[in-house]
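Asks: Chains A and B, in that order, are what the protein sequence lines are. Just so we're aligned: the first sequence equals residues 1 to 379 in my numbering. Just so we're aligned: the second sequence equals residues 380 to 702 in my numbering.
Worth double-checking, as some hints may not be accurate.
[To be verified] Calculated from the model, a selection of chain B residues having no Cβ within reach of chain A, i.e. all distances over 12 angstroms: (1) Met382; (2) Ala481; (3) Gly515; (4) Pro548; (5) Asp613; (6) Phe638; (7) Met669.
[What the hints assert, rightly or not] The list that follows gives simulated cross-link-like pairs (lysine-lysine, DSBU-like), each with its CA atoms no further than 35 angstroms apart: (8) Lys632(B) to Lys700(B); (9) Lys7(A) to Lys632(B); (10) Lys612(B) to Lys169(A); (11) Lys140(A) to Lys632(B); (12) Lys241(A) to Lys630(B); (13) Lys241(A) to Lys612(B).
Derived by calculation from the structure, the hints in this document are not laboratory data. All C-beta atoms in this analysis are idealised placements derived from N, C-alpha and C, irrespective of residue type, glycine included.
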Amino acid sequence: MSTPYAKLPAWADYGLIPVINLAVAFIVAGFVVMLVGENPFRAAVILVEGAFGKGTGIAFTLFYATTFIFTGLSVAVAAHCSLFNIGTEGQAYIGGLGIALVCLSFDSVLPWWVIFPIAIVAAAAFGALWGLIPAYLQAKRGSHIVITTIMFNFIAASVMVYLLVGPLKPAGSQAPQTRNFLAGAELPKLNWIIELFGAKIRSAPLNICFLLALVMAFLVWLLIWRTRLGYEMRTYGHSPKAARYAGISETRIIITAMMISGALAGMMALNPVMGDQHNVAIDFVSGAGYVGIAVALMGRLHPVGIVLAAILFGMLYQGGAELAFEMPAISRDMIVIIQGLVILFAGALEHMFRPYIQALFASVSPKSVGMQAVKGTGA
Amino acid sequence: MDMFNAIVQVLDSTIRLSVPLLLACLAGLYSERAGIFDIGLEGKMLVGAFAGASAAAVFHSALIGLGTAVLISVAFALVHGFASITHRGNQIVSGVAINFIAAGSTIILGQAWFQQGGRTPALQPGERFEAITWPGADAVKDVPVIGPIYGELISGHSILVYFAFAMVPFTWWVLFRTRFGLRMRAVGENPAAVDTAGISVAWLRYRALICTGILTGVAGAYLSMVQNGGFVKDMTAGKGYIALAALIFAKWKPVNAMFACLLFGFLDAAAIRLQGSPLPIIGKVPVQFMQALPYVLTVVLLAGFIGKAIPPRAGGVPYVKER
């Protein structure tokens, strides 16, 4: 079966259509704001000012963006292999467990620059392990990865609640969380970079994980488009049959992709755990894994797009907090709606406007879409 | 006798806890049998619960509440259909989107309309579905064995409970004894064949999704208007996903679905009942283990260690007419 859609010029495919989809998502979100009885334009102004108006706002925006870069990359790596990893949430949660074990063991004896690499490895390993089981079951037993990863999110939540109200909770404490880490497990802040530009910052949690996230984005780009493994993953994602014919082992490629995806998800936990809260608490991931789905779809699975989309969602998170102050009717849960709308319009309905845009291109310049392709566009 | 009463109580709460699962599970059965994966059961239940409780509180009528719940839930089902049938989008992505839109909008609108931190006003008697006492339930109350079974297990539930269990044979009948059911199953297995027979694949799938919307709406109404006297944010708490698990566990069959939901409901009821108290032989089981058990069981089943769960063949694949 051929793809039902004809080709468009690259700039329209990668620039115009995502922007239109995004715009529609935000217009619908604007209607929700109106339904609540507020002015959507004023809301947008407050939101952007809250996110970028002051140095502290920028630092918070980038702090949230760091988290979303990791989860977005995680979803994207799996998606390139046509695996829909909804389990990023659970993998990040379990990644936090790995970090907790490292930090609780070593934070009194080692400095941060020794603990950090160990924690990265632990977080990645725990996350990868949580991705490995669904991957194995998909590859070997044919169970649907979407269902298993959803189930593993719930299992992860149960495991973590059990550990955090039991073995990991310090004696005599009521709160379901580990003890606070000592200075050895606290990551250095990056706020001075923003202060270089003359902005003032009153304590913001932006930390070195932001750089790690950018490095990982570059490595993911390298992996997907410049290595043999990435080529195999994309081949499998495009056509499992072709991959099998080319001698690519299905089991190996599914398991590798999911473990990389899980590792990236696990590393997300470094940012809030070691960079901000300095403990592992119940539900510290708080939906960031699911935001990763929106980020990956919006960034069209490309690391550059993902970084941009993550900053946009960071802005929504930080600006949304400011918005909740100014307009009490709009709480941070507005983000959840926007996230859902972005997933709907940039993901499930990504082809909705394509036939119209194609018709437009075809009437303006038939060459840009190719005459033969135009014939096949009747939906 | 104490032991017996305790068992009746656990079974009674098993029934209450499995009703929303059963309704959502049957809802998923319609759409998945027609070849549309529906991760969005959770979200549709949530909007149903919110719409039901809001309308019931505003119009002071349980029936209007139920109607609104069904209407809004069907509207969300149609959005899923619009994305995944008409525009051939990814069904899982669309379902995830619906869950988020539902989770966010119920909180935002609830806060804006009622200003009670995302809750809807507490429902008064008459705005909720009351328990129905069956004839003679009071008379036999003191009779040993029969009394508690008839009085507590069978009698004394709301109309929606009986509706949910009546839907099991009804769904079986629709699925295996009607033309619509036959065609729906066919469209989930081989849509091209249905298309060749001159039947619209899209319209069949839309109708299946409308059935899904109706049932998730009732499931939501049950949560907010029977189990709880009002809507609380995120009150579905993963029930949509457990229903999905039950659907797989039941291998997409209505009667099995009932037993799977009763099993998962029982696990939940037992976890609440046993909190902290030790079991014979096994000793003390952490609550979290009991809560995770439905998910673990589903994973084990999916892995093919207890029989094989084979989904409808065309599930998740958008239908493209040959041209």
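Asks: Just to be careful, I want the Cα atoms of lysine 612(B) and lysine 169(A) compared with a cutoff of 35 angstroms; is the pair within it?
Replies: Roughly 28 angstroms between the alpha carbons, so the hint for lysine 612(B) and lysine 169(A) holds.
Asks: Was methionine 669(B) rightly flagged as not at the interface, with every chain A Cβ beyond 12 angstroms?
Replies: 9 angstroms, violated
Asks: Is the claim that phenylalanine 638(B) lies outside the interface with chain A correct, judged by CB distances over 12 angstroms?
Replies: Per Cβ check, phenylalanine 638(B) is outside 12 angstroms of chain A; nearest 19 angstroms; holds.
Asks: Verify the proposed pairing of lysine 140(A) with lysine 632(B), using a straight-line Cα cut of 35 angstroms.
Replies: 25 angstroms, holds
Asks: Run the C-beta distances from alanine 481(B) to all of chain A and say if the shortest one exceeds 12 angstroms.
Replies: Its Cβ does come within 12 angstroms of chain A, the nearest being 8 angstroms, so this is violated.
Asks: CA of lysine 7(A) to CA of lysine 632(B), is that 35 angstroms or under?
Replies: 43 angstroms, violated
Asks: Given the hinted pair lysine 241(A) and lysine 612(B), is their Cα-Cα distance within 35 angstroms?
Replies: 45 angstroms, violated
Asks: For methionine 382(B), which was marked as not at the interface, is the minimum beta-carbon distance to chain A over 12 angstroms?
Replies: 29 angstroms, holds
Asks: Does the no-contact call for glycine 515(B) survive, Cβ to all of chain A over 12 angstroms?
Replies: 42 angstroms, holds
Asks: Taking 12 angstroms as the cut and beta carbons as the points, is proline 548(B) off the interface with chain A?
Replies: 27 angstroms, holds
Asks: With a cut-off of 35 angstroms on the C-alpha distance, tell me whether lysine 241(A) and lysine 630(B) pass.
Replies: 27 angstroms, holds
Asks: Holds or violated: lysine 632(B) with lysine 700(B), Cα cutoff 35 angstroms?
Replies: 29 angstroms, holds
Of the numbered hints stated above, those contradicted by the structure are hints 2, 5, 7, 9 and 13, listed in ascending order.
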